[in-house]
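Peer 1: In case you want the letters, here they are:
Number of protein chains: 2
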Amino acid sequence: MEKTFAVIMAGGVGARFWPSSRAARPKQLLDLTGSGTTMIAATLARLAPEIPAERVLVVTGRATAVAVRKALPTVPRENILAEPVGRNTAPCIGWAALHARRRDPDAVLAVLPSDHLVRKPEEFHAGLRKAVGAAREGALVTCGIAPDRPETGFGYIELGEPISDGVCRVVRFVEKPDLETAKGYVASGRFAWNSGMFFFSAARVLDEIARQMPELKRGLEEIDAGIAAGDERAVVERVFPKLPAQSIDYGVMERAAGIACVPLDIGWSDLGSWSAAHDLSQRDAAGNAFGADVVAVDARGCLVRAPSDVLVALVGVEDLVVVDTGDCLLVCKKDRAQDVKRVLDILKERGRGDLL
Amino acid sequence: MEKTFAVIMAGGVGARFWPSSRAARPKQLLDLTGSGTTMIAATLARLAPEIPAERVLVVTGRATAVAVRKALPTVPRENILAEPVGRNTAPCIGWAALHARRRDPDAVLAVLPSDHLVRKPEEFHAGLRKAVGAAREGALVTCGIAPDRPETGFGYIELGEPISDGVCRVVRFVEKPDLETAKGYVASGRFAWNSGMFFFSAARVLDEIARQMPELKRGLEEIDAGIAAGDERAVVERVFPKLPAQSIDYGVMERAAGIACVPLDIGWSDLGSWSAAHDLSQRDAAGNAFGADVVAVDARGCLVRAPSDVLVALVGVEDLVVVDTGDCLLVCKKDRAQDVKRVLDILKERGRGDLL
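Chains S and G, in that order, are what the protein sequence lines are.
Numbering that gives the first Met the number 0 numbers the first residue of the first sequence as 0 and each following residue consecutively.
Numbering that gives the first Met the number 0 numbers the first residue of the second sequence as 0 and each following residue consecutively.
Honestly, the hints are just simulated from the structure, not real lab data.
Computed from a predicted structure; not experimentally measured.
Where is the CB? At the ideal position from N, CA and C, for every residue including glycine.
Don't take each hint at face value.
[Stated by the list, open to error] Here are the simulated BS3-like pairs of lysine-lysine, each with C-alpha atoms no more than 30 Å apart in a straight line:
(1) S:119 <-> S:2
(2) S:119 <-> S:182
(3) G:340 <-> G:182
(4) S:340 <-> G:340
(5) S:333 <-> G:340
(6) S:241 <-> S:182
(7) G:216 <-> G:241
(8) G:340 <-> G:241
(9) G:333 <-> S:333
[Stated by the list, open to error] Covered stretches of chain G, going by a simulated chain S footprint (3 or more residues, C-beta under 8 Å):
(10) 293-305
(11) 308-317
(12) 320-334
(13) 338-347
Kindly generate the complete structure, drawing on both the sequences and the hints.
Peer 2: Structure below.
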């Protein structure tokens, strides 16, 4: 796919995977399903047959830039953009679009989260090609995932009539719904989850930003001038904190006309919690997923993560998440995995920022 | 209590407290109830008002002798006897009796386990004085604990008529009963638990050994000659492994005539498992006993032990034992604490003797 650049968004903090995830080691730098590789490296590997590493841009935070570089040794160093502060996805994508446009005025962007799971890579490649094709023709393209449950943690896309094979119009974006609404969406068959993947040409998205987000446009112009002057880092340092913290969804996509959607069936998961990590890990006959040296006596449905030099013994326990990182140990009932965030709140209150 | 010597038996391995207990750090060297001191040091401290450390003999294993010495810095080094191999309690007591008799031909022994809990020290002191008094008059004395449940893990003593204030005859010893029998014992009011504490003069117990355990008698004579010749260590090394591995209960007490019992109400527990350790620890309003830095979100009835530099987070869990020793981590349902032994069996099978 000539002229296509991937933009891997790697600014997330992934607090729901504490204690494995920390400020300096967020979710995308973890192997959450026991695959043997980090999520961001898996994201890159998944792109490899279609987009070479030279055309992969990665936007991450300054605290994680070194770790991202190490996780992605084939990505050229200048392709890794380190934000001084996170300002949500619109500034992140805008900045990457500047770089892509400078390399190729006809650049098309495939914008992808760094920390999602895709279990059907061939279907992903087919969808990628369709979405890039539509983007090359000038569309703003999103990808929809057929919902298998009335999830209230995602935004939804209402799908309209087909435009071409495997591409349809978007009627509207909707924010995270309540449970009743979500059930209606699932039952209707007309709604898809907003997967956070976007496709558009660099020129088109920068045009939309200019039209819909003038403040961001001005900031990006300053940064572009900085790139031209060989002074990018200093300009970004000064400009980035003042950019509006806005998502590309809300800032651009939801208010643009003629959005297209490529519905995908790619075995997708956002891996939102330890519970999801357990569901999507290889499990033994007792439903256990052990990424550690474990002795199990009547243990069922447990996820264990521990350093390789720690022996974990489980006796008579069920549906537990046990994560040992040496300095921290989490023992959590699987159906309470969302409440790991409450642990972080308490640690903040106690002034234990060192453990976040 | 002049002429009284304590014999603290510290040869136990305490496998039920894995991973805190190990071959080189058995139960008596742990602080299981969060008291701030090891069980053996608590045993010594409990004796202090009645028997000075100079008259405390400690019998332990060779692998633990150094640790025992460190735990009991006030006990003279020559009072700590290190068995080359464990041969149960009769050889252990016989050896200690030789030493006590050499120091005082009228020595009376108070033989005590090193790893039991006594929550009423004043009552213990009163009982100790009664038992020593009866032993000084020539009796073989055992101590009985009024049972508060039909425990099948202990031996029982059937109590007979009173001999003097607080001392009664023993009708018979009974081995660990089945549950129905144990229920009958508890209901009858005539049975007490055999606490493993014994009192007798050194001369009397050595006489009984000579009469009932001739093989042990011959071994002890060799050791006594070794002591006299300044060659104790070498003789013990050679003789001890050949001594009959027999308990004082079975080898001497059960077949001797005229045994006395001092029934005790001293807040006693043998602390037989992590579950008992939890029951007997200080607990918060939610029933948690945290000997660690813990963040608890809806946790109830849990025991946690961890190094001071580890943060443990519990989320939505109940009745768990969580023990982190750095190299091992146990997560066990509280009512399954007896099955910790099965973990050790599996570790043996896997050739992980390093973790036992």
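Peer 1: A separate judgement is required for each hint: does it hold in the structure or not?
Peer 2: The hints, checked one at a time:
1. S:119 <-> S:2: Between residue 119 (chain S) and residue 2 (chain S) the Cα gap is close to 25 Å, so the pair holds against 30 Å.
2. S:119 <-> S:182: Status holds; Cα separation ~26 Å.
3. G:340 <-> G:182: Between residue 340 (chain G) and residue 182 (chain G) the Cα gap is close to 26 Å, so the pair holds against 30 Å.
4. S:340 <-> G:340: violated, 35 Å
5. S:333 <-> G:340: holds, 26 Å
6. S:241 <-> S:182: violated, 39 Å
7. G:216 <-> G:241: holds, 12 Å
8. G:340 <-> G:241: With Cα atoms ~28 Å apart, residue 340 (chain G) and residue 241 (chain G) stay inside 30 Å; holds.
9. G:333 <-> S:333: The given pair, whose Cα atoms are some 18 Å apart, holds under the 30 Å limit.
10. 293-305: Per the Cβ count (4), the hint holds.
11. 308-317: holds (count 9)
12. 320-334: It holds: at least three residues are needed, and the stretch 320-334 of chain G offers 11 whose Cβ sits within less than 8 Å of chain S.
13. 338-347: holds (count 6)
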